[in-house]
Amino acid sequence: MYFLSGKAMPRRQFLQNLSATIALPYLDAMIPTGRGSRILANKAPRLVAIEMVHGAAGCNELGSKLNLWSPAAAGKQFDLAPTAMSSLEQYRDYLTIISNTDVREAEPSSPNEIGGDHFRSSATFLTQAHARQTEGSDVRVGTSLDQLYAKRFGQDTPIPSMQLCIENVDQAGGCAYGYACVYTDSISWSSPTEPLPVIRDPRVAFEKLFGVGGTSSERAERRRTRRSILDFVSGEMSSLKVNLGPDDRQRLDKYLEDIREVERRIQRVEARNQSGDPRELPEAPAGVPDAFAEHVKLMFDIQALAFAADITRVFSFKMGRDGSSRTYPESGTDKPFHPASHHGGTERGVKDFNMINKYHVSMLPYFLDKLKSIQENDGNMLDKTMIIYGSPMGDSNLHNHRRCPLILLGKAEGQLAGNLHIKAPDGTPMANAMLSMMHTLGLNDQTKFGDATGALNLNSYA
Amino acid sequence: MKSLVAASVGGLSLLAVAIIDRPDPIATPALTSPLATSASFDPLLSDPPLRPSAPIRRGLGHPVLAPAPTALAASALTDVVKKTCAGCHSDQRKQGNLSLQGFDMTNINGSPELAEKMIGKLRAGMMPPPGRPRPGGDTLNVLAGTLERMMDARYALNPNPGTRTFQRLNRAEYERSVKDLLGVDIKAESWLPLDTKSANFDNIADVQTPSATLLDSYLDAASEISRLAVGDPKASVSTSSYRIARLASQVDPVEGAPAGTRGGTSVLHTFPADGQYVFTITLHAIPTGQLFGSAAPFDEKIEISVNGERMSVLEVDRGMSQADPNGMEIRTKPISVRAGPQRITAAFVRTFEGPVNDNIAPIGHSIADTQIGSQAGITTQSHVQMFAVTGPFNPTGVSDTPSRRRIFSCRPLAPEEARPCAEKIMTRLGAQAYRRPLAPNDLKGLLAFYDAGAKDGGFELGVRTAVEALLASPHFIFRVEEMPAVAKPGSRVAVSGIDLASRLSFFVWGAPPDAQLVSLGRRGLLADTTVLIAQTKRMLADKRSNALSTRFAAQWLRLSDIEKVHPDALQYPDFREQLASDMVQETEMFFDHLVRENRSFLELYTANWTYVNEDLAKHYGIPGVVGTNFRRVEYPATSGRVGIFGHGSVLTLTSHANRTSPVLRGKWVMEVLMGTPPPPPPPDVPDLEKTGESKEGRLLTTRERMEEHRANPSCRSCHVFIDPIGLAMDNFDVNGQWRIRENGTPLDTRGDFYDGTKITNALELQKALLKRPTPLVRNFTQNLMAYALGRRVEYYDHPAVRKIEAQVKANNYRMQDFIVGVVKSDAFRLKKVMEQADSGTRGVSVPGVH
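Protein chains in written order, with my numbering: chain A, 1 to 462; chain B, 1 to 850.
From chain A, some residues computed to sit far from chain B (all C-beta separations above 10 Å):
#, residue
1, 311
2, 349
3, 425
4, 451
5, 460
Computed Cβ-Cβ distance ranges for the label pairs, DEER-style:
#, chain 1, residue 1, chain 2, residue 2, range
6, A, 263, B, 260, 53 to 61 Å
7, A, 339, B, 699, 37 to 45 Å
8, B, 455, A, 445, 51 to 59 Å
9, B, 104, A, 445, 52 to 60 Å
10, B, 313, A, 134, 34 to 42 Å
11, B, 242, A, 239, 38 to 46 Å
12, B, 412, A, 264, 38 to 46 Å
Below, simulated BS3-like cross-link-like pairs (lysine-lysine); rule was C-alpha separation at most 30 Å, straight line:
#, chain 1, residue 1, chain 2, residue 2
13, B, 488, A, 254
14, A, 254, A, 241
15, A, 254, B, 187
16, B, 444, A, 254
I should point out that these hints are in silico values taken from the structure, not numbers from a laboratory.
Bear in mind that the values here come from a model prediction, so they are computed numbers and not experimental data.
We put the CB at the ideal spot given by N, CA and C, even for glycine.
Start from the sequences, fold in the hints, and give me the full structure.
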């Protein structure tokens, strides 16, 4: 078994025999088992990459004058009160604001692409690469930050990474301007040509992470049955081996190793459950809730639980969808999201849109509270996590991609100082900041990413 | 990898480069000028010494075969190869990564792989490449024939039926097995990962790599399916969603929906319990958030029905918007539904008939273009995006369902009857699931689960738990074949009767064997060839043999690729998902007809008939077909369609969204039909898209753009094979409709087939191909064998392929003769015992370099 031998299978070699599609199993087969955990040493930070679409009101001239997104002062003494991030004041020690970076790869590169910003930006956010304009299956952009991380460090957990979203995907409004819907729907790309599907239903995400079953006792019951079935299957396989040729026996041995791996996963979940903390939701969610806030909170609950149980360490979370006309009445304006983002540069329009930005950011403290309340070994989960929140668009009124919103939350295992506003020099690519984030995550040998021109110190405002 | 494909790829690249080295052969005055580069090779000497007077033909194309000797001495053939082939295939040049400089006919028995490679190229007539001198008469045929005889004789001395590891049930086989066993319709994709394909097929054993995730998926499936089959009175509330494709027309009625409806979706949904369920519809919006179709003259209605019975009618408010509290969702009140499979439908109520196009024709009534969804003057229809079922609320129990009837063949009336009844149930289900009678130990294992479950929750829970274990058992999931304990490594052993029953049934039915087959296998009667053939014929007559078209032919012909092509909505407004699936169905029914009626394989190419329904007939311009049912029709004389070259499926799946691709079509013919794929393009070839779209003020046709592109000699060397084949089909547009112009310019589809035959249309292409049926027949046989055996066909199988070819040729290549031929072959009935657990030839198992 490869992943028990400690040898990684070269991907090219694996591909030699395959003509077309590769499914899930290759993830397992190519992972050198045990190796991950030695490197990881429980020190790989948790990562949540959140994308909000449509930029921010603070990214146009008027908005920046009013400091609706980035605060006036760089460094530690910044004032959050006028900004859309005022709800994060209580967490300013965990907050790193990176302002004034550009997502130039989301800009049009040929006349045909002009106007299609809404339909390609999301694909650019975590890849910082330019999307090939196509409606066919020959999509191409780049490998996303979260996936580069998951490939290296996510393999020690039962699930390497998970992709969540709030808005319904594949709605009308995508697939315009000659762009395939996946560019609008997927922020996580496992390779430049492989967008990962996203999960919108909290129930589906929950079951993938914690197993099937409506209540925790039902899930426990199912795990019990699963374990006795595993015993049964492994007994059956052992008896089968007797009458087989050597090749078949070898393959059965591989399956027997797989059984032990599945058992290990179950034990891991059970060990977590016996630690005394109420880690599981008492009731699995029934489906997608009606209200935005409720849906977002449920998704945050699930992410916090998964981190606590160490089932995965990597999430990407798409909180909006380009072109969405959803309204957020609790924000104080009932203007639909996309029309509001075309605020026309008027003071009234900009301020209304800012209310929506502010409302979106105000979802975060709930998640931060949760993470902070989870203790693991030497610290709380927020100390161990890096949350990226940002948008690949800047001034949505103009569809530009300059001076885009980008913040970090959490300390990433003590590697982020927090309480910092870094104002990047004009013209700095957002990719520079992301390259540094990857270094923070332990991908030290990453020297290139998107259109990055270099790294950006995330702990200094000089 | 030593697969056939790799071998032929190498072969063609060799000929490809060979051409570059020479100036345009037509421009070279025949016979008089020496060859530009192969100075050591005088074309005049290319004739074999025995036939000095044979005419020498130069230029594109082959000589007309003249009567010639039927046998040549080994030394003469060695000379032919050295003179004809070794110029390019030399130690220095090694075209196609092959040297024939030291070729010696008397030693060829030691290089069977090389010999088979040469046979393939020679029989396809592709070597020497067009324009290269070749020996006169039928010298090359004699060479090929001699090589074949030597290889066949070699095989006869030491037959090699090949070997592979055991197979597991792939998605399709799993679905059929569960349906057979429990009577539940499931979608295996809900649990099992995508099957890895190799050599076209999804059942190739050695790439069915084990993994923990895979094992977990089977266990998840077992757990859920056992609950669906038995029912789950304690099921908690959850949501299942069904998505409707954007390209699905909302004007056409969908299959399974009640009469008088249009669009929407209709699915067989298995409800876990009797209880109340809420149905939710999500509609498409236009980019600014309003309903797609908001300009309709009145509010549409959507009917929710269960088994055809109307349960609820939902009003679609034209003013609805994403900005509303419920967004684009509309839901029903809770509706009581019983457990088990029920057909649920959400579809628009059809409120008017007749033409619905007004000022501007709507884009095929699909949602390929979203911008027009609120324009006045265009009758757009709202589109259902998703149909979801949430429940059960207040489950009241589980009533009778087909799967429960199938499982509970007895009912305990007293406590002491429970266990014997469970034993009876599991003995029956177990034998069916394991595809053999149960051994005492098998039953013991399953009943342990019954006991555990019964202790917790009574008889039903006990049976459900035992069914879960049954579905998780390796005896069910794996198709393990027994190896006699005394088998000597390297020897050949017969596949046991029970295992042969499964081989046969998964080959012909794509499903587990029935009782009769298992019984014959168990009693050893399938070893009798007469019985084996009779069973094959019986199975072919059964309707389950349609798996040969929906599984084998669909994969061989790559029909699923049609999902990847989304024809440009503005150029091809009539394209919609229903049409694409009609096209696939056409090809599957066509193939099924060939098999069922035992027609000649060659009809795949020559048929002047096909299967269509009204929509497809309209699309093809065939008059007089009404209704949704498919029927056999003859192509009108002027249709230009012939055999499979007239099928919309093939023509669409080999196109780009906005233009046809003679390259993709040519490649498809060479790869899929002939088994001689062109090599992949070298890196840094300029993209056709980079060639200008227009010249001298007008748009170029695809052909003109290709010719610009092909001016590059490194492209030309391969495209001289590929393009003429594809161009001959260029009268069919991206979605398979007839055309005579492209971008306003009359089409020019003329070209030279690689043997020099002039071809301008599909009919002539088909005739040019059938001049040489051998590669077509062999390639089909190889694909059929690979699918039947669950392994790639290797060079050592070629003698067996030729044997089948000879058998089927006798009776004009009848389809069932091919299938019987494969079943009778050694490779199907025997297997070679592995020398040791050495798996060096299997790519997935080669130790990693780390």
